[in-house]
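Novice: Here's the letter readout for the chains.
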Amino acid sequence: MDYTIWAIAPIVLLPFFAFVINAFIVKKFTKLAVTISCAAILGSFGFASKVFSDFVFGKYAEDYHIHKVFNWFDLSYGSQIFKLDMGIYIDNMTAVMLFMVTGVASLIHIFSTYYMAEDKRFGRFFVYMSLFTSAMLGLVLSDNLLSVFIFWELMGFCSYSLIGFYYEKEGAGNASMKAFMTTRIGDVFFLLGILAIWSVVGNVTFVDIYRAISDGSFNGAFALGIPLATFAGFSIFMGTIGKSAQFPLQVWLPDAMFGPTPCSALIHAATMVAAGVYLSLRMYPLMDAGNLTTLIAYIGGITAFGAATIALVQTDIKAVLAYSTISQLGYMVLGVGVGSYNAAFMHLITHAVFKACLFLSAGSVIHSLHDHHTHEHVQDMPRMGGLRKKMPYTFWAMMFCTLAIAGVPFFSGFVSKDRILGDALIMGIASKSYIIPALLGFAGALLTAFYMFRMMFLTFFGEPRDKDLYDHTKKETFSLNRNFPLLLLSVFTLGVFFSGSLTGQGFVKVAGERYEWFKVLITKPKVEKFASYERQPWGNTDIKSNFQLSKAEYDPTYGLPAKEAHHVHHWHLVGALISIFIAFTGIFIAYMMYIKKAWNPGRWVSMFTRWYRALQNKYYFDDFYIGGIIKKGLLPLNNLLAYIDMGLYDRYAVDGWEKVNRAFFTVAKWFDNIVVDTVAVDGTGASVRLFNVVLRMVQSGKIQLYFMIIVFTLVGFIWTL
Amino acid sequence: MFDNILFILSASLTVVGAFSVVLTKNLMHSCVYLLAALFGTAGLYATLGADFLAATQLVVYVGGVVILMLFAVMLTGGDQDKENKFGITKVPSMGNFKTFLAGGVSALVIALVVLRLIANVAKQNPQGELPEFTSSVVAIGTKLVTDHVLAFEISSVLLLGALVGAAVIARPAKRGE
Amino acid sequence: MNSTIVSYLSQFEGHKKFISILSEALGFDATYLVAFLVFFLASFIVVNVMALVGGLGTYAERKISADIQMRQGPNRVGPYGLLQFLADGVKMITKEDIIPRNADKLLFTIAPLMALVGVFGSLAVVPFSSGFILTDLNVGVFYLIGVSSLVGVAIFLGGYSSNSKWSMLGGMRGASQIISYEVPVTLSILAIVILAGGLSFSTLVEAQGGMPHQWYILHNPFTFIGFFVFFIGALAETNRAPFDLPEAESELVSGYHTEYTGMRFGFFALAEYIEVFVVCGVAAAAFLGGYKVPFDLGTGDLLVNTLHLPPIIGRNIGQILQVGSFVTKTLVLYYIVIWIRWTFPRLRVDHLMTLCWKYLTPIALFNLVGCAVWLYAFDGQSVWELLSHLGGASSGGH
Amino acid sequence: MITLSSYLMISLALFLSGLVVMISRKNIIAILLGIELILNAAALNFVAYTRFVNDNIEGHIMSLFIIVIAAAEAAVGLGIVIRFFQMRESIHIDDAAQLQS
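Residue numbers (this note's numbering), protein chains in the order written: chain A, 1 to 721; chain B, 1 to 177; chain C, 1 to 398; chain D, 1 to 101.
Since the hints were made in silico from the structure, they are not lab data.
Remember, predicted model here, so these are calculated numbers, not experimental data.
Careful, some of the hints might be misleading.
[As the list claims (entries may be wrong)] Pair ranges (Cβ atoms, derived):
| no. | chain 1 | residue 1 | chain 2 | residue 2 | range |
| --- | --- | --- | --- | --- | --- |
| 1 | C | Thr109 | D | Ile2 | 31 to 37 Å |
| 2 | A | Glu658 | B | Leu159 | 49 to 55 Å |
| 3 | C | Ile320 | B | Val145 | 40 to 46 Å |
In this text, a Cβ means the ideal position worked out from N, Cα and C, and glycines have one as well.
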């Protein structure tokens, strides 16, 4: 495959150039700027499709990668070698990721031309979106942690600006600040992890890290008394926690709802939160080597379950989706933790598709519901209801996605989530420490089905609860930039696109093993292969990988001992059946509560009042962070430092020094007046005046006289030579 | 043979031009004679195998400096008043006998000294095999960006400074200054 | 003495034979003498042909202007009035040669000559064909810029020495205009020089090809803009309309040559027309492929191979084709220059300077930097080559 | 026979002319003309020596810089002359005997 750099670089550069150009022209030529943004992302999608098709269709089942390295800067001096490389690393995972990001982002761009059209900062939104998308694409293409970190921070900045997009709105500014600061905690750890890795490997490219893991460079390296692999893995996982909103840093993501809905779709589905999971997938070997998988599984499980419980009580349609995002990210992290690498990545992709669709649908709903008293769009579910007839396209798109996220068979969510849960179950059977995450995962799945259908029922079914609002809502007519993205995305929620069997577990096979492309293509990075990997000189073109992955190597044992391997399939079956049961149970409960009204949710609330209040306050996390850590811990510390600075340092050291100076100054002044001024200065002046009388004759100001003097002097010099 | 002819032509143009600059009483003519002398110098460069320098001499002096001089003459006018502000008669603008005497004496003294130096050179007569004529453009270009890059950059800064400085200095005074 | 015409001729047998005969007859090596004679002859031909071109230029100007203004134009002397310029020439020679009483006689006399010297001097490096350049200087472009600025001095001196207000103003305008517009013109040629990698005209032309897409004007966006900058600047440098301020009839009677009569006036006019020809020739050589003929017919190899002609004849036919190509391009530009003159109104004097310093010079500088970057980034390939690479790369697939 | 000394003599002639012009003329522009002559004399010497004595290109480069400096000097010098003329309505050198206007 003779990829030149120009077949890959446009994927990042097109949106980036769109950003650069638009940043200048957006004020005057808003329409043109929007067009440029959309065209750029579509072009980027085109290039990404080429890569995707080459990797997925062209080079099927071949573990092929492209690694292009370019010297960024070189500070080597003598034998001291210090080089930083930037590069592009493309393997199957990158290709799939690129395709997903550009595709989803394209559709979100298209939808935004509908959603943001009446906004006064229509153009600026697209400027940010372009930068955001290009940063994510750059992150996906990066071959080393340092450039990942750069793009990571760039995305942090973009999310900051997009969350605070409506900066007039109260809370938007705070929310953007909160998102920025919270993710910053993770980022600091991430940077620490990069440095830790650098100290051992001497480089931060993925392949070098893999090689270092395989040849045991991490053995015997310690940081703060912890094995360095553990330390670095944990630090990098902290980055994931921050970016992907895992427990305990999940607090920023619900507040990110202050941004425009398409940007929420972009953040929650394709780009920012996906980046965290993507990173932990990339660094999976390191975390495996650092024995961190149990911790990761716990965090994933807790997040998956905890966020789902909070989502139960939310009334804001976007808040429900936000918590569901956290919950689903928890599943992905759980997948990473239980070693279900492939399924975790699959869930990342499927989740990106249906969550983007859900958010866009929510945006469509919100945009239609316009309260003509307050002139604001309505997001509260209690004021909705019965919207199915008003907006059929949105309804069907959202329904598909809801089925997908709830884990109903034949949809993509079922395929990916149940593989994660199945693997968790297997791990739980194999080792007791994984039981709790697995159970939390199953419980979360039940809740997911419930709250998603609760949202659907409250929004689209039943009688309209706010008659006035309902009557003022226009009937949805098919418009290309509004409905096309929704419908296209909803089509891709079908499981058949991701798996050869409709359920994903091989029960209802529509095609042979050949179409299990996801399972075959995405495999755990086998670090042993990188042991002989030569460090490439920069500017090289291609690496024809010498690792061929035959199909036999695709092993469904998930790395378990051979003895237990044959149980796996049974347990998967069990897991799948449990999942299906759970999903329908959740839907049934929602149905009974909100359609049949047979079970009154209010009674349940009054039964668990304390729990209900805890959920409404998001388990008091915000209160704890602000009231506990910041007010009790940081503020007193701050005050103490301020006191030391102002009370002690300023008063005694600085002011005291002033007194000393003043005393010295009095002496110096006397000396200056008498000695310097009178004797030295005036005396010099008098003597100069004496000379002046003599020299005035020479200094006539007539330049030709000077010139003649010069000439004769010169002649004298030469003559004497 | 042709080299000799070219040399004689250029040399006579140079020397005649230079002497005419001295001897003429008209500033405008003097500028034109300077032009002739500079043209002759360009010809001498050509006989010395410095083709790039010859062309540079043409471009810079003919296209730039001489026209600039002519402009300056036009803008400042020819003759000035004969007295200064204290009422003392000034030396005429193009010099009189006394100034020429001073100049002549200086020139004579220097000429004697320099001729003595040249005599040394002529005695040694350092003419061996002259190298074949080759174009100096590539060599000069290479030298300028390798060995002499610092001087090159400094001279570019100098030119920029001269450009800005000349523009600032020659700008008409604002009203009220 | 790297005179191309001599080196071209020296490859023929007759030339060598002639030298050996002459050497025997004279008793010394006659190579240089023959070279000198050939050179002299060629210069003589070029000067006379150019004088003819200058004369015909006046005829063309009047005829084209008449065509544009729906008039007849000169039609009495000769067929279609073709010999009108001869009649004009005779008239000028027979006119009285007047030198104004208060004029500076020396400068008044040498100014028209200087203009002619400057123009004819620049003819030495104009590449008529690969074998017919009077001398292919290594610093041809530079030399041409230097020598042609002599015309500016001449105009200035002519204006000054006439001792007339109109002449003086015209001369000052002319000189300032010429030295100002020299900057963008030089910069835009310099962009081409960077791409071609040489200062001689043959390098410039040989770096291009016969077909339009191989010309420098279509090489990249910067040279495309550069051509127009060059052309506008060249118009201004030759004092052609719409930049004919030095001789603006409605303001300055006739500008710097108001006081000139007879053949002295004729020299100025001739110099102007020949300079237009030279400038058009330079534009053709630097941007439009010069003497290059499509399909490499210019070298004559194709003719020799297909028609089995003797190489000498094939080569000579190639030379004639090359001269034809060059002259055609030049004359097309010449026509455009005249066309522009009779189409556009004259600029105001401050607009003229604004155009030069605020628009053309920055654009030319930008082009220069752009060309340098282009050369560095794309290895000097033209847009079309890059496009073909890109097409090849993307279709190459995995 | 053309030797190094012939060039040196020409250079000397140029230099002396420039010197006389500089010393004897009272017009600032004329003095600038003299300076140009002297600079040219120096440049010519460099090129002649580089041709006849050491067979390299350094002298050309030096002359190139001299030309550059001459151009800069002419521009600034004439700028000063014009400014001076605006202030004093004179370009007589003896009127420029003060540092302050």
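Novice: Range first: 31 to 37 Å. Now tell me if the beta carbons of Thr109 of chain C and Ile2 of chain D are that far apart.
Specialist: With Cβ atoms ~33 Å apart, the hint holds.
Novice: Confirm or reject the claim that Ile320 of chain C and Val145 of chain B have a C-beta distance inside 40 to 46 Å.
Specialist: 42 Å, holds
Novice: For the hint 49 to 55 Å, verify it against the beta carbon of Glu658 of chain A and that of Leu159 of chain B.
Specialist: 52 Å, holds
Of the hints listed earlier, there is not a single one the structure fails to meet.
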